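Asks: Protein chains in written order, with my numbering: chain S, 1 to 490; chain W, 1 to 490.
Everything labelled a hint here was simulated from the structure, so no lab data went into it. Fair warning: this is a prediction, and the values are worked out from it, not measured in the lab. A few of these clues could be false.
Copies of the same chain look alike in the list, so a pair counts if it fits in one copy or across any two.
Calculated pairs, PhoX-like style, for lysine-lysine (alpha carbon to alpha carbon, straight line, at most 20 Å) [said to hold, decoys possible]:
#1 K408 / K473
#2 K26 / K380
#3 K357 / K222
#4 K380 / K222
#5 K408 / K26
#6 K171 / K26
Number of protein chains: 2
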Amino acid sequence: MFKDATTEEINAVMQDAWNAFHVYRKFSLQQRADFMRAIAFELEECGDLLIQTAMKETNLPEARLRNERSRTIYQLESYALACEKGDWLEARIDTAIPDKNPPKPDIRKMLVPMGPVVVFGSSNFPFAYSTAGGDTASAFAAGCPVIVKAHPAHPQTSAIVAEAILHAADKCKMPKGIFAHVNGISFEVGKTLVMHPYTRAVGFTGSYTGGKQLFDWANQRKEPIPFFAEMGSVNPVFLLPEKLKSSVTEIATLYAGSVTLGVGQFCTNPGLIIGIESGALQAFIHDLGKAIQSITPGTMLHQGIADAFVTKREEALMQPDVHLVAESAAAPLEKQGQPTIATVDGKTFLANPVLHKEVFGPYSLVVRCADKNEMIKVAKYLEGQLTATVMATGADINQNDELMEAIKNICGRLVLNGVPTGVEVCLSMHHGGPFPATTDARFTSVGADAIKRFARPIAFQNWPDEFLPDELKNDNPLGIWRTVNSELRK
Amino acid sequence: MFKDATTEEINAVMQDAWNAFHVYRKFSLQQRADFMRAIAFELEECGDLLIQTAMKETNLPEARLRNERSRTIYQLESYALACEKGDWLEARIDTAIPDKNPPKPDIRKMLVPMGPVVVFGSSNFPFAYSTAGGDTASAFAAGCPVIVKAHPAHPQTSAIVAEAILHAADKCKMPKGIFAHVNGISFEVGKTLVMHPYTRAVGFTGSYTGGKQLFDWANQRKEPIPFFAEMGSVNPVFLLPEKLKSSVTEIATLYAGSVTLGVGQFCTNPGLIIGIESGALQAFIHDLGKAIQSITPGTMLHQGIADAFVTKREEALMQPDVHLVAESAAAPLEKQGQPTIATVDGKTFLANPVLHKEVFGPYSLVVRCADKNEMIKVAKYLEGQLTATVMATGADINQNDELMEAIKNICGRLVLNGVPTGVEVCLSMHHGGPFPATTDARFTSVGADAIKRFARPIAFQNWPDEFLPDELKNDNPLGIWRTVNSELRK
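Just chain S, same shape as in the assembly (with noise of 0.2 Å):
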């Protein structure tokens, strides 16, 4: 039904693309944030359709559709009124000095955006991460127009958003090109994509195969380009003596609901928890393993994934000394995934890259450590992770100093006693890590931030205030945030 886009048709979206960016950048933050509030007031027009839609194309449940449309059509708005106040601009302003030796000049900077922006959205975030998700909305509110490449697993739900956005920008007489939903199974229409002159930037959602794959050609550019990409992780969960000790039933019961949770299609799901050797972390293991028995199988987003988490699994599971602590009693119908809870003692884990790598789906890894030492080894030796959580009480920290820091040294987001899982959308959010959870350890993908990573500084050396964007005039009209002689001041 939907057909892989032709190079002429992808050429003529990019310049179409180019030329909207020419009149979208000149629009003021009040209409690109209108346009995102336009945006989410035709998601919720879509009605029940765009959900039932969405709950065909990808098996997630009716709720849980629901939510995430609503926290879809939130990104959207708190984003606009992010991109409205300004403080993303970065405004700095210099102030001449004519008789300083040689005079300085009258410097004021800013950010503006990039240029076209192609969008590659999630398979588990058919509107969050996706045609309408948090990087449209970033570029929106940086000034770029998007091409959002359709995601194979969910063309129908993609391409009503993408009308959506259509309709929005008809209303707010965006300029034509401002957005375009391009299909594409074949990886040949991604690379097309990104190598575009056009193209000035790239975000990316999705698994590592994909993301690096991209990110390599995004580099090999006659003009390399940004290219952010959110690859997921194994969001390691480090258990603490004290704290395991006094709370190892709650704390099994929270895994258990966290790893199986949207049958752990989730890119902070734990999959991996790492103890030391004790009486209570064998109970530990022993609980989680029993509420694991009691989780129902869910269906998977698709075939593909549902067969690579059978594939990883049984991988996993075969790997020398790895052990199956519990699985569920249900046995799994056609396409679900059966949670699944596995164990390793820390040496093995540390020798085998295998088990390092996620198994996306409700699988987590209980790893072993002989003592403390091993447990901080395990830490250095982990890759760049979205999260990592820590289980432990004051003392645990105050104890812990050289796990502490290698934990902070490879995660994005550090959590006390909770679960990864659940990603608010806030300002204070990072939702990105070292490398391989991103490709950019300096740009999260979730929370008004990363409007940033579409946007460049520019600076106006010598300008009358009529010729400088509203932004950097001298009584600061849109009354925003700026840095005037190095004093923050509105």
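Add chain W to chain S, keeping to what the hints say.
Replies: What follows is chain W alone, placed relative to chain S:
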């Protein structure tokens, strides 16, 4: 005298840097700033020996080197001040909302250092963009240890500055490994440093050839790392008709000075001057040529740069339809660069990519466009630039909207009625620009925002006050600006 570092030596240096990182990153902003001020003090203490050594190695005149040392000291001191103030940390706090459904946790975010930073200094700024230059200052402010690859054109100068840094480190009780100085003429040393697993970011100032090769290596690592290279540009100057007509001689005099300043060895040297065919443009070319004839050739940084200037100048002058306008009346002596102005018509320029490339030295090409549309074409066709300059009256600006937009699109700094040479060190400065001016248009290498190249966010979720860094504690003990529940406050 200076032997290339072996792989074993580099491994040892990187291990020390990695160890130092874990200590230094816990040092307070105040301690970092004190260290930077101590380096500034030691640079001054190096006295005449440093100036004389640099004079011998770089052929730069004494006054220039004294000024450059002052600038380097100012950079260290002003980034130290910025480091202490903490605006760059982007501290964000969103407090918990326990009765939200699901409950919103307390989340707090700030920038933290990435790890050891490798710095490749430039030959043309032996102090300000070399061993204790802007990249080193930025990394120390961010909380990162620094490994400088000594520039082979001024190894002795670099060694003296390295000693000064180590002396300051000693005085400030910095951990062993906070700074290292590595010699290396071969590309292999640079490659080993960039590819080393403990290297977490790179700052580079130099040529496109060197920068691009190192950038590719940084991206080919198992774990790609942020690599910021400032690789120079041709810095186009657009002469708009009304302005040119009214100020032919003034502009010619201004630009004869800018083109030959420091024997043209600035990355902001105006290598391209673009006008529209007219009597005024002819008069300008005549006056510029006349002024150039009277400027004496100067000694260039080293034999390699002087040879490259001769070759590239010849190559440019040999291109079809390029005409020599004027060169200095005095013939150049050994290692001297001969001030040169050439001219070409717009159509030929557009068709010949050789003419778009930088001729590093006192050379500029005047492009004569047939009309306004051809000037727009030239602006659209140019590669990314550190700077672009517009010589224009208010009427010129008002009548050339498409041109102004095209120019904004390609540059990091836009100068009005001035010269691009002279880069003020202040927060509003943007010394960066789209590729190939730099490898990432989102960052600057001058001004305290340069610190952000070497820092990444981390979010703390649900951590009690006592375990949070001071920057994020409830009562804001450091008195820094933070965004609390979406509002900036102190």
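Asks: Reference check for the pair K357 and K222, CA-CA at most 20 Å: within, between, both, or neither?
Replies: Between. Shortest inter-copy distance 15 Å satisfies the 20 Å Cα cut-off; intra-copy 33 Å does not.
Asks: Please work out whether the CA atoms of K380 and K222 approach to 20 Å or closer within one copy, between two copies, in both situations, or in neither?
Replies: between (37 Å within a copy, 16 Å between copies)
Asks: Up to 20 Å between alpha-carbons, please classify K171 paired with K26: within, between, both or neither.
Replies: Answer is within: at 18 Å inside a copy they meet the 20 Å cutoff, but 52 Å across does not.
Asks: Pop the pair K26 and K380 into one bin, within, between, both or neither, using alpha-carbon distances up to 20 Å.
Replies: between (47 Å within a copy, 18 Å between copies)
Asks: For K408 vs K26, is the C-alpha pair at or below 20 Å within one copy, between two copies, both, or neither?
Replies: Between. Shortest inter-copy distance 12 Å satisfies the 20 Å Cα cut-off; intra-copy 41 Å does not.
Asks: Treating 20 Å as the Cα threshold, decide for K408 and K473: within, between, both or neither.
Replies: between (41 Å within a copy, 17 Å between copies)
Checked against the numbered hints above, the structure breaks none of them.
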